Amino acid sequence: MSVFMVKRRHVIMGMAASTVMPRMSFAQGSPQRGGTLKISHSNRIATLNVLTNSGPAEYPVMDMVYSGLTRIGLGNTVLADLAESWDANEDATEFVFNLRPGVTFHDGTPLTSADVVATFEAILDPDVPASAGATLGMVDSVEALDYLRVKFTLNAPYADLPTATAHANARILSVAAVTGDHAELDTQVNGTGPFILEDYDSARIVRLVRNPNYYDPDKPYLDAVEMHLFPDLAAETANFLSGDVDVMLTVQQADYARIAETPGVEALRVPSGRYVNVVMRQDQPPFDDVRVRRALAMSIDRELIVELVLEGLGRPAYDNILSPEFRYAIDTPEVPYDPEAARALLAEAGYPDGIDLTLVASNRPAIRGQVAIAIKQMALASGFNIDVESMPHDTYLSNVWMQGNFYMGYWGMQPTEDATFNLLLTSDASYADTAWNNAEFDEAVAAGRSTVDEEERLAAYRTAQELILRDLPYLVPFFEDALTASRDDVEDWTINPINRYFYLENVWLDRS
Amino acid sequence: MTASYLIRRLLAVILVLIIVTFAVFALTMILPGNAAIMILGEYRTETSLAALEARLGLDQPWYIQYYDWVSGVVQGDFGQSLRLSLPVSEVVGESFLNSASLAVTALVSVTVIAIPLGLLAGLRRGSKADLGIGVFSYIGASMPEFVTATLLLVFLASPTIGLFPAGGFIPPGESLTGFASHVVLPAATLGLILTAHISRQVRSEVSEVLSSDYVRAARLKGLRERRVIRRHVLPNSLAPAVAVISLDVGYLLGGIIVVEEIFAWPGLGRLLIYALENRDLPVIQAITLLLATVYALSNLISDIVIAALDPRVRYA
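Chains as they are written, first to last, in this note's numbering: chain A, 1 to 512; chain B, 1001 to 1316.
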């Protein structure tokens, strides 16, 4: 990537220019047209409302039927989508997006700047349920300059705006859809994406057909895509292995080795920044003492936990919530598993006889409880007597999340450093559940977001990460790989580490 | 049996339904969390939660929510699923058909298997066949569904054996053989306890009838044994079994929830668990109402059947 340019404007324009998708597979020959791709999944597609959807199988459908202003590519680059280019002022407080001419919605109405303005105004409206609102909080106003140009004015400098506009819940709706009854968004779709919704049955199948008027005239290659819901994992795996479906959207760690060994099938393992984190509130004892947090950090055997919980399909992490995929991630030093030193540190913090704690783990997904139990066992040697309390997800969400002082979190990868920090760790973060409130850290994150100078950003984000490692607001034991699988004749199927973008317009079937 | 008796029974059924739905509603309201919290998950903010609760009607006080629900139901409108953005009637209706296809398969096969087994055991009391059927019944009756289901899965559906699929569902309209292969294991799990139950019932009735005076009289009359069994033993010992089967519908409704979850059968039980996990109150309420109605009506019908079969039973 040509990101190490010094001129600010050039950096931004350079990102806009990188619209060509990196081709991942080693497919022979040129893409062929036609065919129906069957994708299996085991989570219901409960809604098609792109403003609020959050289901793992809902994202690929949204990625097929809608387009965003921008989109995230593999390797966390920003791609042009409905905006073919954009430009920012010197201090990154004003952005102008130039829309692609000639784009139409599935119902034939042309895309104009009015649609973009209406969509973002809805997302920013506190009375509209919209998941992207928190990420776009820096946007002050959105206005149409002309038919195809939209100007965003920010209340603070924000160099990553084109990444923020790529948010999976910020895809462009038509003015009619935004001003109409939002309940209709649950079941109806009028997008500009490469596929058109044909049939929506949340209990069994969602079928999408090729959009002949997609803005890239060569794509998509497939005639149709079908999302088949399998009510359980065993049935899903069996159907995939028997050849009834072409792609298994998500492969469980326990099934990965078996699927990878099966002939005729390609298993794909994508390193991702997804993690389970131990949340420790710092405004109350015992976690107000960094020595207690550090002692617990030294009580976790990271290599072993990757083997135990992930079947080896992940990488040990050492409490930095930025995985190595992030552009500004630092080389995080390993935290050795050392129960002796941990016990000594715990004694120093005032717990010479050990400490009794209750660690809450929601039952959804099961990985939270698995990590909690592994930590309980590992930390026993250092004097941590941890009682793991498993609870239903609804009780957890209402009574523990954002309130408890010791519980298991589980987060997907965010597209940028800034999005990651502002989600969880800055004082005004959307979900600041550790009460860290570190002014120095806030300053570093603000410095990183308000400049487009590479050196300055590198320095600011280095400082931020060093502060995280010094104060340990979270324990992050590993990064989980994203796992998927496809049959051999499916070409260019891939997933983004963020698990929100799927690029199905590039997928084709090699059945010659 | 009089008309006033029937009317009183029906009114009682309606009262039961009101109490049951109110109790389920109240319990769900008392539990922490709601559908909006579940939909937003860990991307919830104060404003997004307030907006979604307003859209779903969850910001209203509980009595308004219950009143709205009841007044809808009275007009035949079960509302909109909070999680699935579909009419409740559609979601629940489809699952009900799937559950019914499983329950009917189980009931029919139980009837076909259990009655001959019970007859055989009753007619040959003390024989090896009777002993075998007895042991089978006691084992069947004492094993909970999740144990039976696991054993069936291990012995008949493990990857190396693979006689039957481990789970899933194919609509009969799509492929009858596909439906049949998927229905075997869940139906067998549900059927095992019922088979044990009903065959024991038939056996004891048969042996009671065999030692009755009228059977002795028939034999003394010089009737052939076959005719004695066909004309006198069978009708008199099967009538109670019919009542037992209709009572077992209640058991079946409970069992189906466990069995559907294990075998990934997309029926009412599985939908109920999904709705509970997601706090989808209109769906929970509709399923509760449906299950309670089926249960209450099957009890009522069994009372009527017993009264009709046995003239000595009279209800005032």
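In case anyone wonders, no lab produced these hints; they're calculated from the structure. Among the clues, some could well be false.
[Said to hold, decoys possible] A few chain B positions that, by computed beta-carbon distances, are all more than 12 Å from chain A:
1. L1056
2. Q1065
3. V1073
4. L1082
5. H1182
6. Y1214
7. R1270
8. L1271
[To be verified] Quick look at which bits of chain B chain A covers, simulated, 3 or more residues with Cβ under 8 Å:
9. 1040-1050
10. 1085-1093
11. 1162-1172
12. 1190-1200
All figures in this text were calculated on a predicted structure; none of them were measured in a lab. We put the CB at the ideal spot given by N, CA and C, even for glycine.
Going down the list of hints, with the structure as the test:
A cut-off of 12 Å between C-beta atoms contradicts the statement that B/L1056 is not in contact with chain A; the least separation is 9 Å. Non-interface call for B/Q1065 relative to chain A: holds, since the shortest CB-CB distance, roughly 17 Å, exceeds 12 Å. Residue placement check: B/V1073 keeps its beta carbon more than 12 Å from all beta carbons of chain A (closest about 20 Å). Here B/L1082 does not stay apart from chain A, with its beta-carbon only about 10 Å from theirs, under the 12 Å limit.
At the 12 Å boundary, the C-beta of B/H1182 falls inside the reach of chain A, the nearest C-beta of that chain being 9 Å off. In this structure B/Y1214 is separated from chain A by more than 12 Å, as the shortest Cβ-Cβ distance comes to about 54 Å. At roughly 7 Å from the closest C-beta of chain A, the C-beta of B/R1270 falls inside 12 Å, breaking its exclusion from the interface. Distance check for B/L1271 against chain A: the nearest CB is about 9 Å away, which does not clear 12 Å, and the non-interface claim fails.
Coverage of the stretch 1040-1050 of chain B by chain A holds in this model, with 8 residues showing a Cβ closer than 8 Å to a Cβ of that chain against a need of three. Residue count for the stretch 1085-1093 of chain B with a Cβ under 8 Å from a Cβ of chain A: 3. That meets the three needed, and the coverage hint holds. Counting residues of the stretch 1162-1172 of chain B whose C-beta sits closer than 8 Å to any C-beta of chain A gives 5, which meets the bar of three, so the coverage hint holds. Coverage of the stretch 1190-1200 of chain B by chain A is violated. Counting CB-CB distances below 8 Å, 0 residues qualify, and the rule asks for three or more.
When each numbered hint is compared with the structure, violations occur for hints 1, 4, 5, 7, 8, 12.
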